[in-house]
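Residues per chain are reported as follows:
There are 4 protein chains.
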Amino acid sequence: MSYNIAILGASGYTGAELIRLISGHSAMKIKALGGNSKAGQSLAQVFPHLRHLDLPDLVTMEEIDFSGIDLCFCALPHKTSQEVIAALPQDLKIVDLSADFRLRDPEDYAKWYGNEHAALAQQQEAVYGLTEFYREEIRRARLVAGTGCNAATGQYALRPLVSEGVIDLDDIILDLKCAVSGAGRSLKENLLHAELSEGYHAYALGGTHRHLGEFDQEFSALAGRPVKVQFTPHLIPANRGILATTYVKGDAQVIHETLENAYSGEPFIAVLPFGEPPSTRHVRGSNYCHIGVVADRLEGRAIVVAALDNLTKGSSGQALQNANLMLGIDETEALTMAPLFP
Amino acid sequence: MSYNIAILGASGYTGAELIRLISGHSAMKIKALGGNSKAGQSLAQVFPHLRHLDLPDLVTMEEIDFSGIDLCFCALPHKTSQEVIAALPQDLKIVDLSADFRLRDPEDYAKWYGNEHAALAQQQEAVYGLTEFYREEIRRARLVAGTGCNAATGQYALRPLVSEGVIDLDDIILDLKCAVSGAGRSLKENLLHAELSEGYHAYALGGTHRHLGEFDQEFSALAGRPVKVQFTPHLIPANRGILATTYVKGDAQVIHETLENAYSGEPFIAVLPFGEPPSTRHVRGSNYCHIGVVADRLEGRAIVVAALDNLTKGSSGQALQNANLMLGIDETEALTMAPLFP
Amino acid sequence: MSYNIAILGASGYTGAELIRLISGHSAMKIKALGGNSKAGQSLAQVFPHLRHLDLPDLVTMEEIDFSGIDLCFCALPHKTSQEVIAALPQDLKIVDLSADFRLRDPEDYAKWYGNEHAALAQQQEAVYGLTEFYREEIRRARLVAGTGCNAATGQYALRPLVSEGVIDLDDIILDLKCAVSGAGRSLKENLLHAELSEGYHAYALGGTHRHLGEFDQEFSALAGRPVKVQFTPHLIPANRGILATTYVKGDAQVIHETLENAYSGEPFIAVLPFGEPPSTRHVRGSNYCHIGVVADRLEGRAIVVAALDNLTKGSSGQALQNANLMLGIDETEALTMAPLFP
Amino acid sequence: MSYNIAILGASGYTGAELIRLISGHSAMKIKALGGNSKAGQSLAQVFPHLRHLDLPDLVTMEEIDFSGIDLCFCALPHKTSQEVIAALPQDLKIVDLSADFRLRDPEDYAKWYGNEHAALAQQQEAVYGLTEFYREEIRRARLVAGTGCNAATGQYALRPLVSEGVIDLDDIILDLKCAVSGAGRSLKENLLHAELSEGYHAYALGGTHRHLGEFDQEFSALAGRPVKVQFTPHLIPANRGILATTYVKGDAQVIHETLENAYSGEPFIAVLPFGEPPSTRHVRGSNYCHIGVVADRLEGRAIVVAALDNLTKGSSGQALQNANLMLGIDETEALTMAPLFP
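In order, the protein sequence lines correspond to chains A, B, C and D.
Note that the first sequence covers residues 835 to 1176 in this note's numbering.
Note that the second sequence covers residues 835 to 1176 in this note's numbering.
Note that the third sequence covers residues 835 to 1176 in this note's numbering.
Note that the fourth sequence covers residues 835 to 1176 in this note's numbering.
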């Protein structure tokens, strides 16, 4: 059995990562690559590292015949994504990697993204794509909304602790370090090598990063009451990786056990032995997430650190894992490759 | 007027940085360079980037005639440093860059460093070298103990807040990101380029980093009661820089004003406009420290971020600033060069 | 059909890369991991990025029962390798990744490596492991000698040109840029991140690099007369990659056609369209080699540039490709994964 | 005595580097900073690392009163520069850092840059700014044309060899490795951190790089007959540095002596001991150029390697050195700071 796949927005980093992953998939075949700004080009022109793959040239979205497509990945910028998805066949299975369908409440969406949502019907239908926690809904979903990469990392560290009530919900701090590919392939001065290399900084401080919308939505739902974390992202001079250092109040051993129990059957989430911290270099290029728990010298406090690759488990790997579920394929198919180190 | 300078431990990174800085000093002349493992070599052999300087070859400590030396920098490993300094002339002015004389209480020293102190007399005499807060004592000191580079960064962010009582003293979190030169030139697997580049991680989690000894000593003294912070350092794939992100409870505007007042006359500490975060790339190679304050979306919480260059303001630049004071030279001499960017 | 595999020297970078690649192999099972200095440790301790694999702990070589092993990879340091291989069962299939069996003439070996060879019988038996040019010999071989990673890159650019006689054999210059993992995981000052990052340099200049022994042996054999190239390697602040820029005298179009013909059926060697240069970023983590040809403005001169990943096509990927051939498995098995970019 | 300085194009990397260097100058005072696209902003907004300097805000060029300016640096893009300089007071001393006045022959200019020159009078007047070889002309010049950074590096390695006739003039190969700040602060996809970091490649192959116009002009003039070198630049994942590896035919010892003689009195050019190669890390942030000579194993061939910092000795440091000469100041003023390492 083989499924026909389309990818819209194939010329960005998450698009390239989807193609990399699907190239090793035994039951998916890429039939169409949409990329409006680079339509007409071969993939080898846009991404020379993918020249070995036998793939169609990039086309405009209008040129794609979706009738033969089993599932479509949308790796488009937010706002564009909602317009495109509203116009796609309404029975087409879709995994969206943009921010457009992550928030369930249209007012939350408007608050965090600054515009009214243009595809409200689809927004209501969309299932939040954090696989380990929405697996059954994803299996039955037509439209799955990929999570923010930072939002995924923070939730892996914290969700079981919030839902089990083993930490103080009013004092959660999430200090996150993200590599630069998370900012995409856009031409911005602060993403130049000469600006970023050999330097690092915090950004979107004080609670202005949009992924907070996801944290608020998810943690509050889990707790059954409003939960608001403090979240500060930092941009680090590396290409791939997210490291979330979370500071919580609770018993470290209980926290470790809670996480171990929550993830004991999960193929991609590893809770490290108590006291062992993770590193981004140990998950690079893979779909794994490593979580470490350490007790602080201050009684009743713990540090939970989660590491994953923002382009894989943080976006395209997650998207493929969800697509596998939606198509009834083994969830881990094409996702168990070992990390690349060094 | 010119002062004769000796540097012990000239073959490490802080030694090289001292030489770089002193090479632009109008009133200091390096007369002796001690480096036991590389004695007999020229500086050009040990540090080819310093080949243009007219400097003596490296010698063993025993070969140095200290009678003509006005001030000696000790950039030796800790434990070695206390033995060496105990044996040096007891009227020689010394700036020590090791950890050996930072803690005043011998029991604290033994607890954090795992051995009894071998130079108790000197330990009692030593002045803690955080220039902005011990300026007058340093001016009169014979032996100044350079601070830990992480300890300096955290204290710049927090000291005025602790002493003015504008933050909750029982809930201070210090998430620190340090570049690799802070680990020195030692041969360790985790310092190899192939291990570190493109990866980052937390280390010494949970309150085990030795610089906590300094935080405890200093903050408790300021507050007049025990203050214990949570402190997690991270190793970042960059050569120079420390970024300390501190999470505190207090009014952000008051915090900003308190810091502005505290540092208003300081030549090297810049409190950025409210809401503006600093970056390590803007202080690299310089003696400046930038501090930013942002209010969190959660009322009553603020983020204070401090950035400096670990080899300059964090160690060798601080040492030279202190030496200038001890010798009655303008404190900023040879330290006002602009940062190197990009 | 499944083959039992042993890896000696599993705690180095080429060992880790072998494990990464074999973890995706449908017909190989790793039964033993030898690593004397880390015997007794689990692979997760030595290489945390491989913790997800179900693999035996590291053992000493003596603890391995080779009777059930179908093929053994030796990723040991040179000199050690020849001693070990001489002592292994003489009917065991072996792919050696060290330098020990690359040179056929014992005098050449002694000249380049400074010691007499300790396993002359095996040296005579070994087949040079440059797959595309020794494929049939490798298929029948018991012992295959992996090539130097620099030597492989240069030969991919030049072998067809030498054998077809389309370039001046007396004026070949090979300026090579190698990433740092090529130097292995050894503790050397010049491999520290703080030394290497943000700096680059030539080394082993003037014809002293040992891979010249391979160039001399192979090019002279192809030409039927002595051929000696000029070869200067450079160390570049990146983890993976080799870029060989070769300057040759000949007609650029003829050179391009010669390379296209030579590699037309090859699964892993891509000759780019005329005038298009390759980049290391487009082969990272993969077994592909990209070759570009450009005509110089000076008539009769051309530049041929080859790029590959030193740990994959340059060593462990090549080794697995050869092992596939030796075991009668599809040559490309477990080697067609797409490169990792960014 | 103090001279009033203006800098046009102050918002680019060479502009920032000029400001960094001049900030340590005892006899220059920056009176005006021109930057049309960022006019109205403070320097701290454009370059936060320069916030400590007491400097005027950026203005448009039209706002600058040049009557009180003693010397103006133009760090504008090429083509813009010639238009601006034609419109400036014709008695104003100018050091131009663009490519506009490097080539003396208008036809050469048109050939390499693709447009007719718009300031022919100034072009005729301009002196080529390679300080060590045009020192006396520069001293008397009104308008000095800064050299290309690659062109400077290659000429330091080769000029004395061409003029003394100690190498074969028909077989010179220049393989050059340039860090990314040489490409400026422009927003191009291939300059993004995610594209460049962990990858490197050759570009402008085959004799298409514009700095070849300078090589041809200068080497031919020295030799008294046409000399055309082969030149291939490579982009390296580092921020600062140029390493030029040149392959020449001649006696290595004679070559070394020739270079030593040529540069014996030069304050910024160091010819390393025979056989010792230079590294970019040893000149970073400084105005020094290191040159090494090694004999190849092939008789009659040598490798000459030159290293410098593209932003300092390759552009802004050179510009300041020339300005010192034009104003009768000590040539080395503000330029002898030690390199920054690590």
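No lab work stands behind these hints: they were computed from the structure.
Please note: incorrect hints may appear among the correct ones.
If chains are identical, the list can't say which one is meant, so a pair holds when it fits in one copy or spans any two.
[What the hints assert, rightly or not] Keeping only pairs whose Cα atoms sit at most 20 Å apart, straight-line, the calculated SDA-like set for lysine to any residue is:
#1 LYS1083 / LEU1132
#2 LYS913 / GLN958
#3 LYS927 / ALA944
#4 LYS863 / THR1042
#5 LYS1022 / HIS912
#6 LYS863 / LEU884
#7 LYS1083 / ASP1005
#8 LYS1062 / GLU1133
#9 LYS1022 / GLU1110
#10 LYS913 / SER997
#11 LYS945 / GLU1091
#12 LYS927 / LEU954
#13 LYS927 / ARG976
#14 LYS945 / ARG1131
#15 LYS863 / GLN958
#16 LYS1083 / ASP1002
#17 LYS1022 / ASP1164
#18 LYS913 / GLY1018
#19 LYS1083 / LEU1003
#20 LYS863 / ASN1095
#21 LYS1083 / VAL1061
#22 LYS1083 / ASP1004
#23 LYS1022 / SER871
#24 LYS1083 / LEU887
Legend entry - Homo-oligomer pair classification [THR1042, LYS863; C-alpha up to 20 Å]: neither (40 Å within a copy, 41 Å between copies)
Inset, instruction - Give the relationship of LYS863 and LEU884 under a CA distance limit of 20 Å: within one copy only, between copies only, both, or neither. - result: within (15 Å within a copy, 29 Å between copies)
Legend entry - Copy assignment of LYS1083 with ASP1002, given that the CA separation must stay at most 20 Å: both (5 Å within a copy, 16 Å between copies)
Legend entry - Within, between, both or neither, where LYS863 and ASN1095 count as close if Cα-Cα is 20 Å or less: Classified as neither: same-chain Cα gap 36 Å, cross-chain 30 Å, threshold 20 Å.
Legend entry - Homomeric proximity label, LYS927 with LEU954: Cα distance no greater than 20 Å: within (17 Å within a copy, 63 Å between copies)
Inset, instruction - Evaluate LYS1062 and GLU1133 at a C-alpha cut-off of 20 Å and name the case that applies: within, between, both or neither. - result: between (23 Å within a copy, 11 Å between copies)
Inset, instruction - Pop the pair LYS945 and GLU1091 into one bin, within, between, both or neither, using alpha-carbon distances up to 20 Å. - result: Neither. Shortest intra-copy (37 Å) and inter-copy (31 Å) distances fail the 20 Å Cα cut-off.
Inset, instruction - Could you place LYS1083 and LEU1132 in one of the four classes (within, between, both, neither) given a Cα distance threshold of 20 Å? - result: So LYS1083 and LEU1132 pass the 20 Å test inside a copy (10 Å) and across (17 Å) alike.
Legend entry - Homo-oligomer pair classification [GLY1018, LYS913; C-alpha up to 20 Å]: within (16 Å within a copy, 32 Å between copies)
Legend entry - Intra- versus inter-subunit Cα pairing at 20 Å for LYS913 with SER997: Neither: 32 Å inside a chain and 48 Å across chains, both beyond 20 Å.
Inset, instruction - Have a look at LYS863 and GLN958 and pick one of within, between, both or neither, based on CA distance no larger than 20 Å. - result: Answer is neither; intra-copy 29 Å and inter-copy 48 Å both fail.
Inset, instruction - Go through the copies and call it for LYS1083 and VAL1061: within, between, both or neither, with a Cα cutoff of 20 Å. - result: both (14 Å within a copy, 18 Å between copies)
Going down the numbered hints, you'll see the structure goes against 3, 4, 10, 11, 15, 17, 20 and 24, while the others check out.
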